[in-house]
Amino acid sequence: MTGLLAHDALLVSLGIILLGIIAAPVAVRRNRRDLIALAYGAVYTNFLLVSIATLCMIVALVSHDFSISYVAQVGSRSTPLFYTIISLWGALEGSILFWAWVLSMYSAVAVWINRKREGNLIPYTAVALLSVAFFFGVLLIGPANPFKPVSPVPLDGPGPNALLQNHILMAIHPPLLYLGYVGMSVPFGFAVGAMLSGEVTNDAWITLSRRWTMGAWAFLSAAIIAGMWWSYEVLGWGGYWAWDPVENASFMPWLTATAYLHSVVVQERRGMLRLWNLNLVMGTFVLTVLGTFLTRSGIISSVHSFTQGTIGYYFLAFIALVLVGALAMVAGNSERLRTTGRFDSAASRETIFLLNNLFLTAFMFTVLVGTLFPLVAEMRGAKVSVGPPFFNRMTLPVIAALIFLMGVGPALPWKSASEAEVKAKLGPPFIAAFVSAALAFAIGVRPPYALAAFFFVGYALFANFREYWIGVSARMKAHGESIPVALGRLVRANNRRYGGYVAHVGVLLVALGIAASSAFRAEREVTLKPGESMSVAGQTVRLKGLAGRQEPQRAVIAATMEVMKGDKVIATMEPRMNYYATSSAPVATPQVRSTIKGDLYLTLMAFPQDGSNATIKMIVQPLIPWMWFGGGVIVLGALICMLPVYRRKDVPVVAVPPALQPTSPPALEPQLVDAP
Amino acid sequence: MNWKRALIAATAAIPLILLLAWGFSRNPGDIPSPLPGKPAPLFALGVFAPGQPPLERKVGDTLRLEDFRGKVVVLNFWASWCLACREEHVALSDAARRYTGKPVQFLGVLFNDRAPPAIDWISEMGGQSYPSVMDPGAHVAVDFGLYGVPETFFIDVTGRVARKQIGPASDVVLNHVIDSLLAAGAQTPVAAR
Chain A
1 MTGLLAHDAL
11 LVSLGIILLG
21 IIAAPVAVRR
31 NRRDLIALAY
41 GAVYTNFLLV
51 SIATLCMIVA
61 LVSHDFSISY
71 VAQVGSRSTP
81 LFYTIISLWG
91 ALEGSILFWA
101 WVLSMYSAVA
111 VWINRKREGN
121 LIPYTAVALL
131 SVAFFFGVLL
141 IGPANPFKPV
151 SPVPLDGPGP
161 NALLQNHILM
171 AIHPPLLYLG
181 YVGMSVPFGF
191 AVGAMLSGEV
201 TNDAWITLSR
211 RWTMGAWAFL
221 SAAIIAGMWW
231 SYEVLGWGGY
241 WAWDPVENAS
251 FMPWLTATAY
261 LHSVVVQERR
271 GMLRLWNLNL
281 VMGTFVLTVL
291 GTFLTRSGII
301 SSVHSFTQGT
311 IGYYFLAFIA
321 LVLVGALAMV
331 AGNSERLRTT
341 GRFDSAASRE
351 TIFLLNNLFL
361 TAFMFTVLVG
371 TLFPLVAEMR
381 GAKVSVGPPF
391 FNRMTLPVIA
401 ALIFLMGVGP
411 ALPWKSASEA
421 EVKAKLGPPF
431 IAAFVSAALA
441 FAIGVRPPYA
451 LAAFFFVGYA
461 LFANFREYWI
471 GVSARMKAHG
481 ESIPVALGRL
491 VRANNRRYGG
501 YVAHVGVLLV
511 ALGIAASSAF
521 RAEREVTLKP
531 GESMSVAGQT
541 VRLKGLAGRQ
551 EPQRAVIAAT
561 MEVMKGDKVI
571 ATMEPRMNYY
581 ATSSAPVATP
591 QVRSTIKGDL
601 YLTLMAFPQD
611 GSNATIKMIV
621 QPLIPWMWFG
631 GGVIVLGALI
641 CMLPVYRRKD
651 VPVVAVPPAL
661 QPTSPPALEP
671 QLVDAP
Chain B
1001 MNWKRALIAA
1011 TAAIPLILLL
1021 AWGFSRNPGD
1031 IPSPLPGKPA
1041 PLFALGVFAP
1051 GQPPLERKVG
1061 DTLRLEDFRG
1071 KVVVLNFWAS
1081 WCLACREEHV
1091 ALSDAARRYT
1101 GKPVQFLGVL
1111 FNDRAPPAID
1121 WISEMGGQSY
1131 PSVMDPGAHV
1141 AVDFGLYGVP
1151 ETFFIDVTGR
1161 VARKQIGPAS
1171 DVVLNHVIDS
1181 LLAAGAQTPV
1191 AAR
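Just so you know, the sequences run in chain order A and B. Under this note's numbering, the first residue of the first sequence is numbered 1, with each subsequent residue one higher. Under this note's numbering, the first residue of the second sequence is numbered 1001, with each subsequent residue one higher.
Hints are computed from structural coordinates only; laboratory data are not their basis. Quick caveat, the model's predicted, so the values are computed rather than measured. Warning: the hint list may mix true and false statements.
Unchecked claim - Which residues of chain B face chain A? A few of them, derived with a C-beta cut under 8 Å, are:
id	residue
1	Glu-1056
2	Cys-1082
3	Pro-1117
4	Gly-1126
What the hints assert, rightly or not - Far from chain A, some chain B residues (derived; all Cβ distances over 10 Å):
id	residue
5	Asn-1002
6	Ile-1008
7	Ala-1012
8	Gln-1052
9	Ser-1080
10	Ile-1178
11	Ala-1186
From the three backbone atoms N, C-alpha and C, an ideal C-beta is built for every residue, glycine too.
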């Protein structure tokens, strides 16, 4: 019943989508505003219908309606309600449905906000977004139909993949990822809309796509960090990043989106990089589709691979269409995207932005090559897997350069800087860099790459904080404001600039966590009898005992471990093995004890049948929690950047010198001090 | 719109598309066994579903892997709650019938399931031509490094695991793998085993 309703809703929505795709161009050609309303209506209706289908799936999951194929595949009567609901995105078909829903929601919001905008940009944007929606709609009634009837109806199902019902972050990471990933479709929609409507030379679409990229970027950043956290908390090896194809798939669009968020400022301020920016917006979307294809089609093996079917062929066709279409459209419009400004000097912010873009793009291509290489190698007959050594070696220099630029860019002015200015701005952070590297050396950091990381992170952290201090102290002098007031007003008046610096600090905290935890990782694996203890890096734990218990959906064997300080027990930890009915292998469930200094990580590796001992893996890594905190800071920075445009009523906007007049309102940033 | 440029740019996409398309020519579920060239773990399991003549075995009989030395063994792990197992059921059952009289033994191993729902499932699905055994405590599944169901292991005439299929097995895969293992087995002198 719910299955039929959902299936019909999806079927009808396909028709509505087609109607919208046809109506908009006709409306524009014949200048029929009523038909434009029809196209917009199609976007809203699609959102409604896909919402109905998604709701039906949730109802089916919760009511254990095993006559629906997806429920029979991931549902189980013993799974707790919470994990039953989130299994909506736990397997292929459900994740496609969720994807389609997020896309329909975003499309509806993007069109609704801009529905009163003049011109043909939004009607064509609607066409682009509906076309993407059409593809997912076809998947949902075809190869990824989650509502296939099952007959005879099974009495119970296997439940979600054991790994996916073992941790709460499973409820957080995937939705964030979809919100970020699918969010990149909207800027793509604006870009295609701009090209189809001929409004690509006008910068209105750039402002729109920048805002939407910012939001999607914030979600994607949070999702990547949450994914790292999830794999750290769940997988039991104490790591957080393995350069797996799925991780790369989420990281590549993040790199190009990051590049775009920087280079778009150059276009807004100096009228340069127009064609480049268009490429970045299109490229980011293509990379999201490519990433999805790689992980859903099963052509590249990954720990995250979904089960496969014919869906890969559909995706391939879609990629081919998008890639050919995107390249053709961008190339066909390239002549119209003339640069109006030019680079005045090597010592200027736009030069640093350009370098940052080159490095980010090189980074993306390195990851792309590493991800696709196994396929290329196999074409020539060799089975190769490209692992962390390749990626680490290839990307570390690029990362170091990017971190350094994070310190240089904010310090340099637009257009050109005098030699004295360059010295005054770029010199002092080097002191901080040397201090940071020396400090790291003093506490025992020896690998050169880790020392370099501390050097550059020290440089960039100092430079970004210094920009804050320069701004705040200027306000304090000029207006006699106290520090908090000056800080608040500074950020409010230049939110994009100072939000960017906050995001920088977040990225630097993550970098610091990665550098410290990989340089100082210490681990041991020891078999303990009750009462015996083990030590790693000055920390000691003692095995108290091993016990089993039954929980509704799983059996648990847990080792009780006491964290010792001298003779005193300061904490108890419980690394476990969870046994789910449908998984032959137990799921090791590590326990982590975090302090500001770092993490103590315990995994129960093995134990004999009689429970007389336990093999424990103990890992000590410093600064790991700083990464998760840094992720929060990144999101905070992005949120500051997205604050609505702020105009002081008492200060006339004409105070900005005409030469610096920005092309769009939010770029009001050259005033460190309010204009006179 | 400059159509010439557009056309040139679009052709740049072709190599990547071809590379991705080529990726489909491989069967990602057909992966080398984690025990390459190593002997398959031995087992002795009790029949709970007899199968149909002429391939049937008595319920309660114990089947041992070593008894099948000299035959290609197709070991299929399945469960009644497994949706993908329904998909491959007909292909497996038909293939077993097709190879009747040849040195091929099909065997179903029930994974994390009870006999009554499994027997009901077999009759609902129109019968299973070959016998299925219980694997109490999933010990054999653990020995074989089972990751999920369905999974199918192909054991050659010398008792080594030759290939493993993750996910539903198809007619094409079954024929291809069994034929190549039979051909390889015919070249191995029986005395040398």
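Structure versus earlier hints, numbers of those that do not hold, lowest first: Numbers 1, 4, 5, 6, 7, 9, in rising order.
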